[in-house]
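Given the coordinates of chain A, assemble chain B onto it according to the supplied hints.
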Amino acid sequence: MHLGLTATTEHPQTRALLDQIVQQVGTVVLGKEQTIRLSLACLLAQGHLLIEDIPGVGKTTLAHTLAHALGLGFQRIQFTSDLLPADILGVSVYDRDAVAFKFHPGPIFAEVVLADEVNRATPKAQSALLEAMEEGQVTHEGETRRLPEAFFVIATQNPSHQIGTFPLPESQLDRFLMRVDLGYPGRSAERALLQGRDRRELIRHFEPILDVAHLMDLQHQTHEIHASEAWLDYLQALLVYSRNAPEFHTGLSPRAGLALLHSAQAWALMAGRAHLLPEDLQAILPAVTNHRLCWASNAPATASSASTHLLAQVAIP
Amino acid sequence: MSKTRLPSPEQMHWLCTAMALVIAPHLTRLPLWAGISFALLALWRLGVAHGRCTPPPRWLRVFLVLAILPAVYLSQGTLFGRSAGLTLLAALAGMKLLETHSPRDAYVVTLLGFFLVITHFLYQQNIAIGLYMLLVVVLITATLMSIHGHGLSLTPRRRLRYAGILVLQAFPIALLLFLLFPRLPGPLWGLPKDAYSAVTGLGGTMSPGSVSRLSLSDAVAFRVKFEGAAPPVSALYWRGPVLWNTDGRTWSGGAQGPTHRLANDRGNGGEISYTVTLEPHNQRWLYALDLPASTPRGSVLNEDFQLLKRKAIRQRLRYRVHSRLDQRPHNTSARSAARALALPQGAHPASRALAQRWRDESDNEAAYIQRVLAHFRQQPFYYTLRPPLLNGDTVDEFMFSSRRGFCEHYAAAFTVFMRAAGIPARIVTGYQGGEYNPLGQYLLVRQRDAHAWVELWQQDRGWVRIDPTAAVSPSRIELGMDAAIPQSLGPPLLGLADNATARELWRNFRQSWDALNNGWNQWVLGYGMERQRQLLARIHIDARKLSELALALAISITLSMAILALWLWRRRAPSDPVLRLYRRFCHKLKRRRIKCGPTEGPLDFCQRIVRQHPEFATEAMEISHLYIDLRYGTKRADIMRLRQAVKAFHP
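So the protein sequences, as listed, match chains A and B. Residue numbering for the first sequence follows the working numbering, starting at 1 and increasing by one per position. Residue numbering for the second sequence follows the working numbering, starting at 318 and increasing by one per position.
This is chain A alone, in the form it adopts within the complex (with noise of 0.2 angstroms):
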């Protein structure tokens, strides 16, 4: 639906291959084409992406298509109750024919890595893995080991009112860079999934669009994207509003400022444009800030969202 407006496309080519894996990706995750698009463009922005949603509604199989698609090695860590660091980092074993440690890497050690229920976890192995989103590297017994280039986490996590959670602090929901969510499919799209093959299976059918080598130069294309004095000025004009407005418990942070630049930039890619545009910032505002932003004690009934009470205020200057 991008009527006619061919006109302010600067990167056909770029647009043409990011469309073709949201189509593909589109073709095992039916229905969530918006979903997909915002977890393609966190990742182009080199961020980290949580998902939050019930069980089975193809958390899992989004993180699983999306790593296959762009041709990057794929691990899952499935975190529980008495997950430890070392089944995340990796652990130091004896070879006696060496006659030293002899480190395994775990599971962290993969271009994407799939956090399945990442709020299931105690605090202290969930602080493993996001210390290693933040840093890129590992330290292990005082060795440094760098991560993969192009690095990716994508954790998923149950609504925090189930049983036996241990919610995300405020702090360590600050490093992802993006929150989304699936909910239901459609009508058609269940029924589509009802009568169609096994979702795994499909994954293992299609050729990989991408390499890491590709995937490095998006990212590269993406920080380029030109940001305008009138761009940032509406940025600006949203920050400064959360952080005045008394309907909210805190403002969006500096890093969320950056983070929403970002974002907007991978998303001005993904729509072949080299310029940012107000509709980039607000078509990823929402699953950028929502779990930055927390609505105070006296929040207005009305709004739906903090993110959308938020965009419907600030006027495009």
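Don't read these hints as lab results, they were simulated from the structure. What you are looking at is a predicted structure, and each value in this text was computed from that prediction instead of being measured. Keep in mind that the hints are not guaranteed to be accurate.
Unchecked claim - To give an idea of the interface, some chain B residues facing chain A are shown, with a C-beta separation under 8 angstroms as derived from the structure:
# : residue
1 : Gly368
2 : Ile911
3 : Gly918
4 : Pro919
5 : Asp921
6 : Tyr949
7 : Thr951
8 : Ala954
What the hints assert, rightly or not - Covered by chain B, according to a simulated footprint, are these stretches of chain A (three or more residues, beta-carbon under 8 angstroms):
#  : region
9  : 225-232
10 : 276-283
11 : 307-314
We treat Cβ as the ideally placed atom computed from N, Cα and C, and that holds for glycine.
Frame of chain A; chain B shown alone:
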């Protein structure tokens, strides 16, 4: 249930404070029970808000409401009029506070507060109370914000600030309404009949002590603005009531003779023109320099050359009048002049005997008059503000024993001496002198400038003015009251009374203060029908025609609103020419009911136009494309193209 939305303790604090400040200046005027009951009811309500007391039961509330009416009636003697109305309102305001259960009740209380504030003007109209009322209005406005849900998220200081800004924003409209709203004839504020019981000023009679009583009052009698140079202080005799009759102690009454018509002999020079602003004194007469040569509008001149209005003066009055200092009244017939010889039977025997003796010893009238004046001058007579009380024959006692007196004593004694010697004499009361205010360039005459002097009838010259006080205390006449009795001018601190610099400072301060008050009186309180007519005539509006006033009011308010709107719009108008062009494009579409939302981006808007109004698709796409490139993109496009495209766009 309205009880679920009780005003919070904080809101009740605002409400109670605002109402208490509204009532506070009335406390001296209210009966004691009304003030106390208001305070108790407000405290009770505060206690309820904090959960320390239980709300009053229904029967008690009904009883209190029913008790208020008889209480007002018992303490005021009536249910109508200013004081009774105020008492009733204050008591009911307390009741309403007590039964404030919902935001709606709170709104009612604030509206009551706004109304009660105005009642202060029924009693006082000075600058201080005006400022106080303004502050209270700001506070009530802030209270209104506190009651409204969103106001609570602001700190009290910001609430007050916003309320102040709101009041300021209302000011231009208030000013326009003040200037242009049709004025009623008659006093606007002093409506009730009990409003004039305590005005000071000269009465229509004179007895020992009646003028010296005024000498302690700093209250303003009137202010005068001269057209041209002011005459010297010694010539400033402000003519008031003329007294003919005496019962030996009190002098009263003037000629009730026919109205005097002024001869039309203007133009031979020597005329002094000036405008007097007279404070209300609840009497009919006006004051003018001795001798008035014209009659201000709506007044007449009686036989005694006294200017009279038809009704007592109960609001500040401005009038322009001419005087001739060189002329004397000589319109009295010989027969009426004989009335000015009457003395009560048996009164003042010693004085009359002395007068007879002196008259026999003198060659002519002039010598006799000089003899009497010389007596005042040479014998130990004192001019004093606090003359001893005279109980017996006032004139004899004054002449032969006390010898201390104020102008009324001298005037009365001198008149008795003249009449006893067969010279027709009468007393004129009024004011003498005044204080020139260099700031406002006007002459200020206070109550303590009240004076009494004597007029003698001489066949060829008419009524000649003789001031016996001048014989005793020449400085009183030449330099004014302040010079004669310097203590009256001292600053309130006793230690500074002798300090010349402090006196000078005090004098300057008082002059500035009075100049300010004069401006307030002239332009705020004195802005009545006449002033409005004069002012509006300058801009060619006839204030007598209601339609013209209404039109001027409507036009000026619309104009001021338009200016405000333009200003706001200018502030919103972007400085970026690209954005300005795009806004013009949006504005053109708005006329076709295609509205660009404030949060709608250019791409979304363009897509919507293409979807919903394909007829504009090409142009909208071109303009949007140029706009996006110029504002958000590479800026490679030419702004002239955008300008042309927007200009050529005619949806």
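Status of each hint after checking the structure:
no., hint, result
1, Gly368, "violated (21 angstroms)"
2, Ile911, "violated (16 angstroms)"
3, Gly918, "holds (4 angstroms)"
4, Pro919, "holds (7 angstroms)"
5, Asp921, "holds (6 angstroms)"
6, Tyr949, "holds (5 angstroms)"
7, Thr951, "holds (7 angstroms)"
8, Ala954, "violated (11 angstroms)"
9, 225-232, "holds (count 4)"
10, 276-283, "holds (count 5)"
11, 307-314, "holds (count 3)"
Comparing the model with each numbered hint stated earlier shows that hints 1, 2 and 8 do not hold.
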